[in-house]
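Visitor: Chains as they are written, first to last, in this note's numbering: chain F, 1 to 471; chain U, 1 to 471; chain Y, 1 to 471.
In case anyone wonders, no lab produced these hints; they're calculated from the structure.
These figures come from a predicted structure and were not determined experimentally.
Heads up, some of the hints might be wrong.
Derived DSS-like pairs: lysine-lysine, alpha-carbon spacing no greater than 30 Å straight-line [as the list claims (entries may be wrong)]: (1) F:K466 to F:K272; (2) F:K200 to F:K181; (3) Y:K334 to U:K334; (4) F:K334 to U:K334; (5) F:K272 to F:K470; (6) Y:K272 to Y:K467; (7) F:K242 to F:K470; (8) Y:K334 to F:K334; (9) U:K242 to U:K467.
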Amino acid sequence: MARAMTLNPDRLLPPDAATREVARRLYAEVEHLPIISPHGHVPPAWIADDVPFTNPTALFLTPDHYINRILHANGVELSQLGVPVGSDFSEQQSREAWRIFCSHWRDFNGTAMRYWMQDQLCGIFGVDVRPSAETADQIYDQVAAQLATPAMRPRALMESFDIAFIATTDDPCDSLEHHEKIAQDAGFTRRVVPTFRPDKYLEPAREDWNQLVDALGEAAGVAVDSLAGYTAAMENRRAFFKQHGAVSTDHSHADLGTVRLDEVDAASLYDKARRGEASEQECTLLRRWLLTDQIRMATEDGLTLTLHPAVRRGHDTEATRRYGADVGNDIPVKLEVTNALQPALDQFGNHPNLNLVIFTLDEDVFSREIAPLAGWYRSVYIGVPWWFIDAPESIMRFKQSVTEMGGFSRVSGMIDDTRAFCSIPARHDMSRRLDCAHLADLVVKHRLDEDEALDSLLDLVSNNPKKVFKL
Amino acid sequence: MARAMTLNPDRLLPPDAATREVARRLYAEVEHLPIISPHGHVPPAWIADDVPFTNPTALFLTPDHYINRILHANGVELSQLGVPVGSDFSEQQSREAWRIFCSHWRDFNGTAMRYWMQDQLCGIFGVDVRPSAETADQIYDQVAAQLATPAMRPRALMESFDIAFIATTDDPCDSLEHHEKIAQDAGFTRRVVPTFRPDKYLEPAREDWNQLVDALGEAAGVAVDSLAGYTAAMENRRAFFKQHGAVSTDHSHADLGTVRLDEVDAASLYDKARRGEASEQECTLLRRWLLTDQIRMATEDGLTLTLHPAVRRGHDTEATRRYGADVGNDIPVKLEVTNALQPALDQFGNHPNLNLVIFTLDEDVFSREIAPLAGWYRSVYIGVPWWFIDAPESIMRFKQSVTEMGGFSRVSGMIDDTRAFCSIPARHDMSRRLDCAHLADLVVKHRLDEDEALDSLLDLVSNNPKKVFKL
Amino acid sequence: MARAMTLNPDRLLPPDAATREVARRLYAEVEHLPIISPHGHVPPAWIADDVPFTNPTALFLTPDHYINRILHANGVELSQLGVPVGSDFSEQQSREAWRIFCSHWRDFNGTAMRYWMQDQLCGIFGVDVRPSAETADQIYDQVAAQLATPAMRPRALMESFDIAFIATTDDPCDSLEHHEKIAQDAGFTRRVVPTFRPDKYLEPAREDWNQLVDALGEAAGVAVDSLAGYTAAMENRRAFFKQHGAVSTDHSHADLGTVRLDEVDAASLYDKARRGEASEQECTLLRRWLLTDQIRMATEDGLTLTLHPAVRRGHDTEATRRYGADVGNDIPVKLEVTNALQPALDQFGNHPNLNLVIFTLDEDVFSREIAPLAGWYRSVYIGVPWWFIDAPESIMRFKQSVTEMGGFSRVSGMIDDTRAFCSIPARHDMSRRLDCAHLADLVVKHRLDEDEALDSLLDLVSNNPKKVFKL
C-alpha cells in the first residue's frame with residue numbers, strides 16, 4: 001500500500017517547544033506576504049505566452065539540474081530524463097522518466113530537492129502519496145490533469161503564488177520582446193522585468209568572443225572596433241534593459257577579480273584581444289577590467305549588480321559535449337573576496353548609486369570576507385547562500401555566520417535564483433521559515449525582543465529586497 | 001573517594017525530549033547490527049596468531065597517537081608511554097604510563113578520545129571508577145586481569161564485538177601470510193581481508209624510492225626497468241591482493257592531484273626519476289600520474305580506492321627522528337578537490353567498475369567540493385570526516401553539510417580507519433548514535449517520515465558500505 | 001511610548017530546559033569570579049590619571065570601530081561620530097552622534113555589538129528604555145550624569161568590574177610612564193601591565209621603517225647599524241617591558257610566516273633593507289625572520305606571544321587617509337598556519353619557556369590547523385575567535401570545533417582584546433555564559449559529568465589564563 005505524504009505546518013521550525021512557539025508567531029506574520037523574486041532564471045516566454053506546462057517530467061525533471069545530478073550519480077542517463085531541454089521526448093518517455101524519478105525518491109532523503117518537491121507536489125497539486133515506482137503513474141496522471149487546467153498556467157500561478165515581482169535573466173543582445181509583450185498587457189499587473197547578464201561578452205578567452213562582441217555592437221548600433229565603442233555598446237544595451245524595467249545586472253566569472261587600469265593600457269589590451277593575440281593572463285586581466293567597468297557603469301545608471309563567482313563549469317567534459325551546459329556537473333571552487341574586490345570597492349564601494357550583492361558557494365567566506373565587507377562598504381550586500389548551499393542547514397549556518405558581523409540590514413533578503421517556476425513559493429517559504437527559526441533562537445536566548453525580531457523579519461522578507469534592488 | 005564512571009544509554013542522543021524519542025527508536029533498530037569495517041589499520045598478525053593483549057598501556061596508550069599527542073602537549077615524553085611500539089618497556093613502566101594517563105584524564109575532557117576510552121573501559125572491561133592518579137592501579141589491574149582471559153583475545157573479541165568484516169592495511173610487497181593463515185582456519189568465519197596501500201611506491205621524491213620500486217619488481221617477479229614493467233608489477237600485486245580477498249586500495253598523498261600524460265612522456269619521466277634526475281616538480285607530476293594510473297587499474301580490477309589526502313607528516317622533525325612516523329605530529333593542510341581530481345574524473349568518473357571514497361581533514365571542502373562531486377560522478381562517494389575530525393560535533397557538522405547536497409546514497413557509511421582494536425565497537429556505536437541524532441532531527445523538522453529515516457539509517461550502517469566496497 | 005530594555009538573567013543560555021538547568025548551575029559558580037584580561041587595548045593613561053569619561057559618545061561610539069563600521073555601512077559619516085579620536089567634537093555634536101546611533105539601533109539587531117551595548121547600558125548605567133531617536137536624549141543624559149560621578153571613573157570601575165589583571169598594548173619605545181605611575185600608587189592594587197607590541201619595527205616594507213628602527217635604537221641606547229645591534233635593542237626593550245610587569249608580546253602581520261636563516265644571510269638582508277634596497281620579497285623574508293627571532297627571544301625571557309595574523313588593514317584607502325587606522329575597514333584574509341609556523345615550531349615548539357597563543361579571523365583553520373598544532377606542541381595554545389568572530393554563534397562554532405581535537409587544556413581562556421573599557425565585563429560574562437552553554441551540552445549528552453564540566457569551566461575562566469600568561 002502506498003505511504004501517505006503530507007505537509008506538516010511546522011516543517012523546518014525548531015523542535016524545542018518554547019522556541020517553536022516564537023517561530024510560529026513570527027511565521028504567521030509573513031507566511032502570506034507577496035513574493036519578491038529579484039533574481040532568477042524563469043524564461044520570460046512562459047509568462048509572455050502563458051505557455052501551459054505539459055506534464056510533471058517537463059515541469060519538474062528535465063530542466064532541473066539539481067534533480068538531474070543526483071539521478072545521474074545514481075546511474076540514470078540524462079537522456080532518460082529528456083535532457084537537454086527541447087529534445088524530442090514522447091509522452092511515454094516522460095512517463096517513464098517520472099517513474100525513474102519516483103523510484104529514486106529515497107536517494108533524495110535529506111536533500112533540499114526532496115523538501116521542495118514534497119512542498120510542490122502536496123502544496124500545489126494535492127498529491128498525498130509518497131512517490132515510488134508503484135505510485136509514479138498515479139502521481140503523473142494527477143499532476144498532468146491539473147496542468148491541463150487554466151489555473152495552472154504561468155500567469156494564473158503567478159497570481160495564486162502571489163509573486164509581486166519577478167526578474168528573468170537575459171542576454172544583452174536580446175530584443176526583450178517577451179518583456180514588451182507582458183508590459184503591453186494591461187490586464188496582467190504582476191511586474192516581470194529582465195536582468196542584464198553580460199558574462200560571456202566579458203570573457204576574451206572564449207573562442208566566440210569576437211563574434212559575441214560583434215553581435216553586441218550590432219544590437220547597440222555602435223561600432224566596437226575600439227574599447228570606447230565596446231563601452232558605448234554596453235552602456236547602450238544597459239540603457240535599453242533599464243527602459244524595459246531591468247533593475248539589475250548579473251555576473252558569474254571564475255573569480256571576483258577587479259582591477260584598475262590606465263585607459264590607454266585598457267584600450268590597447270582590448271585591441272590585442274580583438275586581434276586574437278592576448279595571452280591567457282591578458283584575457284583574465286581584460287575580463288577583470290571589463291567587470292570593474294560594469295561596476296563603474298552601475299554607479300551611473302544605478303542598476304544593482306549580483307555577483308555569482310567561483311564555479312568550474314562543465315567539469316565532466318563528455319557530459320557537457322552530449323548534453324550542453326547547466327546539466328549538473330558544474331562544481332564549486334574556492335573563493336577569495338577581500339583582495340579581489342578591493343580595487344573596485346576602493347574606487348566605488350561607498351558610491352550612493354551602487355548596490356553590489358555577493359553570492360557564494362564557498363562557506364569559508366561567510367564570516368571571513370563577505371560579512372566584514374558588507375559591514376563597512378555601503379554598496380555591499382550579503383547575498384544568499386547559493387545553489388548547492390541553498391538548503392535548510394546550510395542556510396542556517398549562513399545566517400548564524402553573517403548576521404553577528406553584519407546585522408540584518410546588510411543582507412539582500414531571499415533571492416531564489418531558480419528556473420524551476422513552481423518551486424518559487426516553496427523556496428521563499430523555506431527561507432521565511434528559516435528566518436523565523438533563526439530569529440526565534442535569538443529571542444529565546446534573550447538577544448532580541450520579539451517585536452524587534454519581527455522588525456528584522458519584515459526587513460528580510462520585504463524591505464531589504466526592495467531597498468537593495470530599488471523596487 | 002573515587003568518582004563513579006558509567007555509560008549512559010542515551011549518550012550522544014539529542015537532549016530535546018521529542019527528538020530524543022525518535023533517536024532512541026531509530027537507534028534500537030541498528031544498535032546490534034554487525035560491524036562492517038572496510039578500512040582500518042589493525043595488524044593482521046593479531047588475528048592470525050590470536051595474540052593476547054598484555055596490559056592496558058600496550059592496548060590503549062602506546063599505539064594510539066590520538067592519546068599520545070594530547071599527553072605530549074601536556075608535557076609527557078612519548079618514551080614514558082612506550083613509544084615507539086616495540087620498544088623495550090617493562091611491566092613497571094607500563095603501570096607508570098597508565099598512571100600518567102589517568103592523571104591526565106581531565107585533559108581529555110570534551111575530546112573524542114575521552115568518549116571512546118570511557119566507552120571501552122566501562123563497556124568492555126566493566127570499569128566503574130573514573131581514571132585518576134588514585135584509581136590508576138585499580139583500573140590497570142582490572143583490565144590486565146581480563147586481558148589474560150580467553151574472552152579477550154582478538155578472535156574472541158571479533159566475535160563478541162560482532163565484527164562481520166574487517167580490512168587491514170598492507171604493503172604491496174607483503175606476503176599476506178597472516179591473511180592466508182586466517183583464511184585457512186575453517187573454524188574462524190569472520191572475514192578479514194588485506195588492503196593494498198602503495199603510497200610510497202608512488203613517491204619518486206622519496207630517497208628510498210628506487211629501492212622500493214626494485215622490491216616491488218622482485219615481489220611481482222617483473223622487471224621494473226621501464227614504466228611498462230612498473231605498471232605490470234603493480235597490476236600483478238593488486239591481483240595478488242585481490243586473490244587474497246582485498247576489496248580496496250588506500251592512498252594518502254600531500255594533495256589529490258591527478259593528471260593525463262602522453263604514454264611516451266610518462267615513460268620518459270619514469271626513466272628520469274629512476275636515474276635520480278627528476279626535479280621536485282617532475283617527481284610531483286610523476287606521482288600524480290601514477291595515482292591516476294591506479295584509478296585506471298581500479299576500473300579494470302574493480303578494487304575500490306580510498307583517498308586520504310592533505311596531511312603534513314612529521315611536522316616535528318626531532319620527534320619524528322626519535323620516535324618514528326605516526327606518533328601524533330602529523331598536521332592537516334588545506335585541500336583542493338575540484339580541480340585536482342578533474343583529469344581523472346573526466347576520464348573515469350562515471351566508469352561502472354570504479355568506486356572512489358574521498359576522506360578529508362579539511363571541513364572547508366565538505367559542502368564546496370566533495371558533496372557536489374559525489375552528487376554528479378557515479379564513482380565518487382563521500383567518505384567520513386577523518387582523524388582529527390572523527391568526533392561527535394565534527395561528524396554532525398559533516399552530516400549537516402554533505403547530506404543536503406548529496407543525499408544519503410552518496411556517502412560511504414562508517415569507516416573507522418583505526419589501529420585501536422578495542423575502539424572499533426565504540427567508534428561504530430558513536431557513528432550510529434550520531435546517524436540517529438541527525439535523522440531524528442530531520443524527522444522532528446518534518447523533512448522525513450520516521451520510516452524513511454530508518455531506511456536511510458540502514459543504508460548508512462549496512463547497505464552503503466556493502467555497495468561501496470562491493471562486499 | 002518607549003519600549004523597555006532589560007537584561008534577562010538567562011541570556012545566551014541554551015533554550016532546552018534540561019540543558020539550561022545545568023548551564024545555570026555552572027554559571028552560578030563563575031559569574032562572580034574576578035576578570036583576568038591578559039590582552040587588550042585600553043589606554044594606560046586612563047587608569048594612570050583616572051580620567052573621567054565625559055559622555056556616552058566619547059565612551060561608546062568614537063573609539064569603537066565595531067560600532068563605527070556598521071553605522072558607516074548604513075550611511076553615517078565617521079566624522080559625525082567624532083572619528084578620529086581626539087578630533088574637536090562639541091557637546092552638541094556628541095549628543096547628535098548619540099542620536100544617530102540610537103536611530104540605527106535596529107541595524108545592530110542580531111550582532112555582538114548590540115549584545116554588549118545592551119549589557120553595558122542596562123547593567124552598568126541602569127538604562128531601561130530601548131535606544132531610539134525618541135529616547136536618545138534621555139539615555140544620553142542618564143549615562144552622562146552617571147559618568148560624572150566618582151563611581152564611574154576608570155579605577156572605580158576596575159574595582160566594581162572586579163578586574164584583577166589587565167594588560168595594555170604599548171609601543172616598544174614607550175617610556176611606560178603611565179604604568180610606572182600606576183605601580184607607584186600603593187593604594188591601587190589592581191594589576192595593570194604593559195604588552196610589548198613590536199609589529200611595525202618588524203616590517204621593512206614600511207616607508208618609515210628606518211626611522212622606526214632608529215628610534216628603537218635610541219630608546220634602547222644601542223646602535224642599530226647591524227642586525228646584532230637591532231637584536232640587542234629589541235632584547236633591551238623587551239627586558240625593560242618585563243621589568244615593568246609585561247607578561248606578553250603581541251604580533252599582527254599579514255601572515256604567520258616563520259623561517260630559519262643563516263645568521264650571515266640574515267645580517268646581510270638587514271643591511272640591505274636598512275639601505276632601502278630590499279625587494280618586496282626580501283622585506284617579507286626579513287619580517288618572517290625577525291618574527292622567528294622574537295620567538296627565540298621568548299624562549300629566553302619567557303614572555304608569552306600572542307599572534308593575530310591575516311587582516312588586510314586599511315582596505316578603504318580614502319577612509320584611511322581621512323580618518324586614520326583602525327576605523328572599521330580592516331578586512332580579514334585567508335590564513336595558513338601549518339606550514340607557516342613549521343620552521344619556528346620545529347625549532348622551539350616544545351621549549352618549556354615558550355607560550356604561543358594563536359588567534360584567528362578565519363574559521364577555516366579552527367579544526368584543520370590550530371587545534372591539531374595545539375594538540376601536539378607544548379608551546380601552542382588556541383586563542384579565542386578574534387574580532388569579527390568574537391560573537392556568540394561564532395564562539396560556539398569555535399568551541400565545538402577545537403575542543404574535540406585539543407581538549408580544554410590547550411585553550412588560552414577568554415582574551416577580550418578590546419579598547420572598549422566598559423565592555424570588558426560584558427565580554428567576559430558573554431564568554432562565561434557560552435562556556436557554560438557548551439559544557440552543559442556535553443553534560444546532557446553524557447560526555448562529561450557535571451563536576452568534570454565545572455573543573456573544565458574553572459580552567460577556562462581562571463586556571464588557563466594564569467598558566468598561559470604565567471600570572
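Visitor: If a hint holds in the structure, say so; if it doesn't, say that too.
Guide: Here's how the hints hold up against the structure:
1. Between F:K466 and F:K272 the CA atoms are separated by roughly 42 Å; this puts the pair beyond 30 Å, and the hint is violated.
2. Proximity of F:K200 to F:K181 is assessed by CA-CA distance (about 26 Å); at most 30 Å being required, the pair is judged to hold.
3. The suggested pairing of Y:K334 with U:K334 holds, with an alpha-carbon distance near 11 Å, which does not exceed 30 Å.
4. A distance of roughly 11 Å separates the Cα atoms of F:K334 and U:K334; the hinted pair therefore holds under the 30 Å criterion.
5. Using a Cα cut-off of 30 Å, the hinted pair F:K272 and F:K470 is violated, with the two alpha carbons roughly 38 Å apart.
6. Restraint check for Y:K272 and Y:K467: the C-alpha separation of about 41 Å exceeds 30 Å, so the hint is violated.
7. Between F:K242 and F:K470, the direct Cα distance comes to roughly 12 Å. Compliance with the 30 Å bound is thereby established for this hinted pair.
8. Straight-line distance between C-alpha atoms of Y:K334 and F:K334 comes to about 11 Å, which keeps the hinted pair within the 30 Å bound.
9. The straight-line distance between the Cα atoms of U:K242 and U:K467 is roughly 17 Å, inside the 30 Å bound, and the hint therefore holds.
In this structure, the hints that do not hold are numbers 1, 5 and 6, in rising order.
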